[in-house]
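Protein chains: 2
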Amino acid sequence: MKKDLGTVQAVFPMPVLVIAAYDKAGTIQTMNAAWGQICDTDKIALFLDADHATTKAIRETGAFTVALADRTHMAEADYVGIVSGNQVADKFARSGLHAAKSSRVNAPVLEEFPVAMECTLAEIAETKTLFAVVGTIVNTLAEERVLDEQGKVDPAKLDAIAFDQFRHGYYASGEKAGQAWNAGSALAKAALGR
Amino acid sequence: MKKDLGTVQAVFPMPVLVIAAYDKAGTIQTMNAAWGQICDTDKIALFLDADHATTKAIRETGAFTVALADRTHMAEADYVGIVSGNQVADKFARSGLHAAKSSRVNAPVLEEFPVAMECTLAEIAETKTLFAVVGTIVNTLAEERVLDEQGKVDPAKLDAIAFDQFRHGYYASGEKAGQAWNAGSALAKAALGR
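These protein sequence lines map, in sequence, to chains A and B.
Our numbering applies: residue 1227 is where the first sequence begins, and numbers increase by one.
Our numbering applies: residue 1227 is where the second sequence begins, and numbers increase by one.
Any given hint could be a false lead.
When the alpha-carbon atoms are kept at most 25 Å apart in a straight line, the in silico DSS-like pairs for lysine-lysine are as follows [to be verified]:
{"hint": "1", "chain 1": "A", "residue 1": "K1378", "chain 2": "B", "residue 2": "K1228"}
{"hint": "2", "chain 1": "B", "residue 1": "K1402", "chain 2": "B", "residue 2": "K1378"}
{"hint": "3", "chain 1": "B", "residue 1": "K1402", "chain 2": "B", "residue 2": "K1383"}
{"hint": "4", "chain 1": "B", "residue 1": "K1229", "chain 2": "A", "residue 2": "K1327"}
{"hint": "5", "chain 1": "A", "residue 1": "K1229", "chain 2": "B", "residue 2": "K1327"}
{"hint": "6", "chain 1": "A", "residue 1": "K1250", "chain 2": "A", "residue 2": "K1282"}
{"hint": "7", "chain 1": "A", "residue 1": "K1228", "chain 2": "B", "residue 2": "K1378"}
{"hint": "8", "chain 1": "A", "residue 1": "K1327", "chain 2": "A", "residue 2": "K1282"}
{"hint": "9", "chain 1": "A", "residue 1": "K1402", "chain 2": "A", "residue 2": "K1383"}
{"hint": "10", "chain 1": "A", "residue 1": "K1378", "chain 2": "A", "residue 2": "K1327"}
{"hint": "11", "chain 1": "A", "residue 1": "K1229", "chain 2": "B", "residue 2": "K1378"}
{"hint": "12", "chain 1": "B", "residue 1": "K1402", "chain 2": "A", "residue 2": "K1402"}
{"hint": "13", "chain 1": "A", "residue 1": "K1282", "chain 2": "B", "residue 2": "K1354"}
{"hint": "14", "chain 1": "A", "residue 1": "K1354", "chain 2": "B", "residue 2": "K1282"}
{"hint": "15", "chain 1": "A", "residue 1": "K1354", "chain 2": "A", "residue 2": "K1282"}
{"hint": "16", "chain 1": "A", "residue 1": "K1228", "chain 2": "B", "residue 2": "K1327"}
{"hint": "17", "chain 1": "A", "residue 1": "K1354", "chain 2": "B", "residue 2": "K1354"}
{"hint": "18", "chain 1": "B", "residue 1": "K1250", "chain 2": "B", "residue 2": "K1327"}
{"hint": "19", "chain 1": "B", "residue 1": "K1402", "chain 2": "A", "residue 2": "K1383"}
{"hint": "20", "chain 1": "B", "residue 1": "K1228", "chain 2": "A", "residue 2": "K1327"}
{"hint": "21", "chain 1": "A", "residue 1": "K1378", "chain 2": "B", "residue 2": "K1229"}
{"hint": "22", "chain 1": "A", "residue 1": "K1228", "chain 2": "B", "residue 2": "K1383"}
{"hint": "23", "chain 1": "B", "residue 1": "K1415", "chain 2": "B", "residue 2": "K1402"}
{"hint": "24", "chain 1": "A", "residue 1": "K1383", "chain 2": "B", "residue 2": "K1228"}
{"hint": "25", "chain 1": "A", "residue 1": "K1229", "chain 2": "B", "residue 2": "K1383"}
{"hint": "26", "chain 1": "B", "residue 1": "K1327", "chain 2": "B", "residue 2": "K1378"}
{"hint": "27", "chain 1": "A", "residue 1": "K1415", "chain 2": "A", "residue 2": "K1402"}
{"hint": "28", "chain 1": "A", "residue 1": "K1383", "chain 2": "B", "residue 2": "K1229"}
{"hint": "29", "chain 1": "A", "residue 1": "K1402", "chain 2": "A", "residue 2": "K1378"}
{"hint": "30", "chain 1": "B", "residue 1": "K1383", "chain 2": "A", "residue 2": "K1402"}
Since the hints were made in silico from the structure, they are not lab data.
Looking at chain A on its own, in the form it has when it is part of the complex (with noise of 0.2 Å):
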């Protein structure tokens, strides 16, 4: 018997999207998101708020990188959500984070975190539900040792945080439970009919 909760934003887990940009003054503007998904093989849509400093700083450069947050930098990953780059003018620069420029897109590269997409703004998508920033992900930059074998991410290494909007903690990433595709292959073989 289930109960019910109202109106929950209720998806778990939530990635930890560290995102970031330059503005037309060349100042780096950063922020968190955990409303960010991938929307299509070399896209990602961002919710984010119109007026916050990253959204302005994207439109006026057509680039951002959007980095996965690791447990070793949770607060500061924190940090630049808690913090508005509108207000605290110097906001990257007490974050502690660093940043080199991306050699393929007009943004940053944040250098703490493991994992992050080059991107290209495709569009500000404005629907009459929607508001979404869309990214062209022109490449992807990781660290190696979060690679495995086969050069791919490895979630095991990568120790990624992941975000809980129910009661907003933050998680650590557990064990692998299974494979997509082979978890389910009996009952699919049995419905396929071999």
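Given chain A, put chain B in place with the hints provided.
Then chain B, alone, in the frame of chain A:
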């Protein structure tokens, strides 16, 4: 020094969302999706292919539910992602899952999963870069056993799985790592001068 991986869908963790809707014949169509996210306080965006049987069903009835897959039902959640409702007419019947009609929206609530959002279709949003099924979250249902004393979903009790897009794994949720708006509060206080 970071390595170039090319265009990678580098968001982690992603949720394992199990979406369910009745089609116009009253048959339950269901699928899983990792590419979905909260896009506003009462909205969820699902990035689904237009030709999925579930997408067509949502168009037909204007309602759907979104459940969070838990570890206990990983096989069932995986199965609905392997088999297509366009090819297997009794896909749902063969899933081992059970459903009851929502009391609020014209969509099935899957009994096995501990948390589900009941949604009406707000919009099929199409822009030059996005195709999204956008739902209004009318209510969220949760099993009492996954709630804390305040009646909020506790991720430690939820046992939701996460999808790993890099290597197509499912991951269990790990331990709590920190609290949002607290983990970075020392940095924030310094930046805000208080």
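Hints versus structure:
Between K1378/A and K1228/B the alpha-carbon distance is near 13 Å, which keeps this suggested pair within the 25 Å criterion. A C-alpha spacing of about 16 Å is found between K1402/B and K1378/B, which places the hinted pair at or below 25 Å, so the restraint holds. For the given pair, K1402/B sits about 12 Å from K1383/B by alpha-carbon distance, which is consistent with the 25 Å threshold. Of the pairs offered as hints, the one joining K1229/B and K1327/A holds, with about 15 Å between alpha carbons and a cut-off of 25 Å not exceeded.
Of the supplied pair hints, the one linking K1229/A and K1327/B holds, its CA atoms being roughly 15 Å apart against a limit of 25 Å. The hinted pair formed by K1250/A and K1282/A meets the criterion: a straight-line CA distance of about 9 Å does not exceed 25 Å. Restraint check: the Cα-Cα separation between K1228/A and K1378/B comes to about 13 Å, which is no more than 25 Å; the hinted pair holds. Note on K1327/A and K1282/A: the hinted pairing holds, with a Cα-Cα distance of about 18 Å set against a maximum of 25 Å.
A hinted pair counts as satisfied when its Cα atoms are at most 25 Å apart, and K1402/A with K1383/A qualifies at roughly 12 Å. As the CA atoms of K1378/A and K1327/A are separated by approximately 24 Å, the hinted pair is consistent with the 25 Å bound. With a C-alpha separation of about 11 Å, the suggested pair K1229/A and K1378/B falls inside the 25 Å cut-off, and the hint holds. Restraint check for K1402/B and K1402/A: the C-alpha separation of about 17 Å stays at or below 25 Å, so the hint holds.
In summary, the hint linking K1282/A to K1354/B is supported, as the alpha carbons are separated by about 21 Å, within the 25 Å threshold. Simply put, K1354/A and K1282/B have alpha-carbon atoms about 21 Å apart, close enough for the 25 Å limit, and the pair holds. For the proposed pair K1354/A and K1282/A, the alpha carbon gap of about 21 Å is at most 25 Å, so the pair holds. About 13 Å separates the Cα atoms of K1228/A and K1327/B, which keeps this hinted pair within 25 Å; it holds.
Annotation: proposed proximity of K1354/A to K1354/B holds, straight-line Cα distance about 15 Å (limit 25 Å). A distance of roughly 14 Å separates the Cα atoms of K1250/B and K1327/B; the hinted pair therefore holds under the 25 Å criterion. Taking the CA atoms of K1402/B and K1383/A, the gap is near 18 Å; set against the 25 Å cutoff, the hint holds. Pair hint K1228/B plus K1327/A holds up; C-alpha atoms about 13 Å apart against a cutoff of 25 Å.
For the proposed pair K1378/A and K1229/B, the alpha carbon gap of about 11 Å is at most 25 Å, so the pair holds. This hinted pair checks out: K1228/A and K1383/B have alpha carbons roughly 15 Å apart, not beyond 25 Å. For the given pair, K1415/B sits about 23 Å from K1402/B by alpha-carbon distance, which is consistent with the 25 Å threshold. Restraint check for K1383/A and K1228/B: satisfied, since their Cα atoms lie roughly 15 Å apart, inside the 25 Å limit.
Between K1229/A and K1383/B the alpha-carbon distance is near 15 Å, which keeps this suggested pair within the 25 Å criterion. A hinted pair counts as satisfied when its Cα atoms are at most 25 Å apart, and K1327/B with K1378/B qualifies at roughly 24 Å. Note on K1415/A and K1402/A: the hinted pairing holds, with a Cα-Cα distance of about 23 Å set against a maximum of 25 Å. Taking the CA atoms of K1383/A and K1229/B, the gap is about 15 Å. The hint holds against a cut of 25 Å.
Straight-line distance between C-alpha atoms of K1402/A and K1378/A comes to about 16 Å, which keeps the hinted pair within the 25 Å bound. Using a Cα cut-off of 25 Å, the hinted pair K1383/B and K1402/A holds, with the two alpha carbons roughly 18 Å apart.
Hint compliance for this structure: every hint is met.
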